[in-house]
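Peer 1: In case you want the letters, here they are:
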Amino acid sequence: MFPAPFDYHRPDTLDEALSLLGQYGGDARVLAGGQSLIPAMRFRLARPAVLVDINALGDLAYLRETDGVLAIGALARDAALESSSLIESSYPLLFDTGAVIADPVVRQTGTVVGSLCHNDPSGDWGVTALACRAQIVVRGKGGTRTVPIDDFLVDSFTTAVGQGEMAIEVRFPSPKPRTSGAYQKIERKVGDFATSCAAAQVTLGDDGTVAEIGIAIGAAGPTAVRVAGAESALRGSKPSKDAIRAAADAARALADPVADTRGSVEFKKDMAGVLVSRALLAAFERLGVGGLK
Amino acid sequence: MKVSVTVNGTKYEREVEPRTLLAYFLREALGLTGTHVGCDTSSCGVCVVVLDGERAVKSCTMLAVMADGHQITTVEGLVQGGALHPLQQAFWDQHGLQCGFCTPGMLMTSSILLKQNPNPSEAEIREGLSGNLCRCTGYQNIVKAVQQAAGAMQPQPAEPVAS
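Residue numbers (the working numbering), protein chains in the order written: chain U, 46 to 338; chain Z, 140 to 302.
Calculated from the structure, these hints are not laboratory results.
Heads up, a few of these hints could be off.
20 angstroms max Cα-Cα, derived EDC-like pairs, lysine to aspartate or glutamate [what the hints assert, rightly or not]:
#, chain 1, residue 1, chain 2, residue 2
1, Z, K254, U, E127
2, U, K338, Z, E156
3, Z, K141, Z, E167
4, U, K221, U, E133
5, U, K234, Z, E263
6, Z, K150, Z, E167
7, U, K234, Z, D179
8, U, K338, U, D305
9, U, K234, Z, E167
10, Z, K141, U, D315
11, Z, K141, U, D57
Derived coverage of chain U by chain Z (criterion: at least 3 residues anywhere in the stretch with Cβ under 8 angstroms from a Cβ of chain Z; other residues may be distant) [to be verified]:
#, region
12, 49-61
13, 196-202
14, 243-249
Think of the CB as a built atom: it goes at the ideal place given N, C-alpha and C, for glycine as much as any other residue.
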C-alpha cells in the first residue's frame, strides 16, 4: 500500500528545516533514512501530513570524537559505524550493535538518530544508548537542549522531541580505560525485529571491581528499558558468577514483553535474562576477565 | 511535484505525487521493469537499486521525490556497450538464478558489495547479501557467482617488464 498523501519539503539548511517543523508542528515528521518511517506510513501506522526530508543536510552526516564524546549527527547512516575503525577499536558495544541492525542494505540508508527518534519497542539503538548513558541533542527555534536517553525514550514511538523540534545528534561518552561492552540479539532471521535483545557496558576500576555499569534490554516493554536492578547487582563488586546470575534474574523480572509469533511472554522474559548474562560475559571476556561461565 | 532524476545515465523529468515510491516510479513512470517489487516492506531486497553510484537502497522504501537531483542505477544500467556486466556473466555461468525474480536485487546489492570490498570472503558475501532473499537456489550458486565476478573484476596485473 502507498502512504496516505502528504506534503513534502526538502530544506537545504537546518534553520530552514526547523522553520518548517515550527510552522507545521505536530503535523510534520522528519524524514532521514526513512527505513522505519516509510514502512510505517505504508501500513498507515503513521500518517504525517507533512514530511521534512533532511537528506540534503549533509553537514549532519558526521561521526566524530572530541573531548571525550562520540557525536553522531542526524544524517549519519548505520553503515558509517560498521566501516569506522574508531568504532571498531574503541566502541565495542556500538560496533556490535551496528552489525545487527536490520540488514546490510537497510543499514546503508537507515540512521542512528532516526532509529532513536522512531523509538520502536524492538529497536536496537535505544537499548545500546541506555547502556552507554547517551544523550540526545534536540534543537528547536527556542534553542538547543540535551536530553539524557532515559528521559528521551518516553513511550512506544514517542520521544521527548517536542513539536517544532528536531533531534540533531546523539552523544556517546567515550569509554574510559578498562571499559568494554557487548550487544546480544535473538532474531528469527536477518532483518526481523528482535525477539529479545540486551546491551551491557562495563568499566572496571583499578582494584578489579565494577566501577561503572550500564545494562538495558529491548523488545521487553513499551520502550527499551534500563535494568537498574542488574546494574546494582554488579556495581562495586568483583565480576562473579553470582553477580551475573543476579543481573540476569533482575532482567527476567523486569522484562514485560508482548507475546507474538516470535515467542511467548514466558520465553521472551527468559531470553531477556539469558541475553543480559551473555552480554556481560562477552564484555568481561573482552576485558580479559574469564572463568565466569 | 516535479522530479528530475538521472537513471542509467538518462535524465528523466516527471510529475509525481510525493507518496510515489521509487520502485513504482521506475517501473510505471519510466517503464524500467527490471526492478522488481516483492515483499513491498523492505524485507526481500528484490527492488534494490544503486543511488549515486555509492549506496544500495531498497527502492520500495524510498520516495521518488527523494531521488530528485540524484543518479539511480537499475539492473538495466549494468550492461555496458552490449556486453554483460561481469556480475551478470557470472550469474549466468554459475547458474546463480532459477526463476530470476530476486536477480536484479542480487546484482545491484552485489555491485555495491564488490565496490566496497573488491575481494570478499564467502562469509562476507553471505553477510552482504543477507538482506536479499532467494527462494530457489539456496544461495550456493549466487555466492559462487559473486566470487567469480570478484575475480573477473580484479585489476589485471601489469605485464612484467623485461629486464
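Peer 1: Name the hints, by number, that the structure is in violation of.
Peer 2: 2, 8, 9, 10, 13, 14
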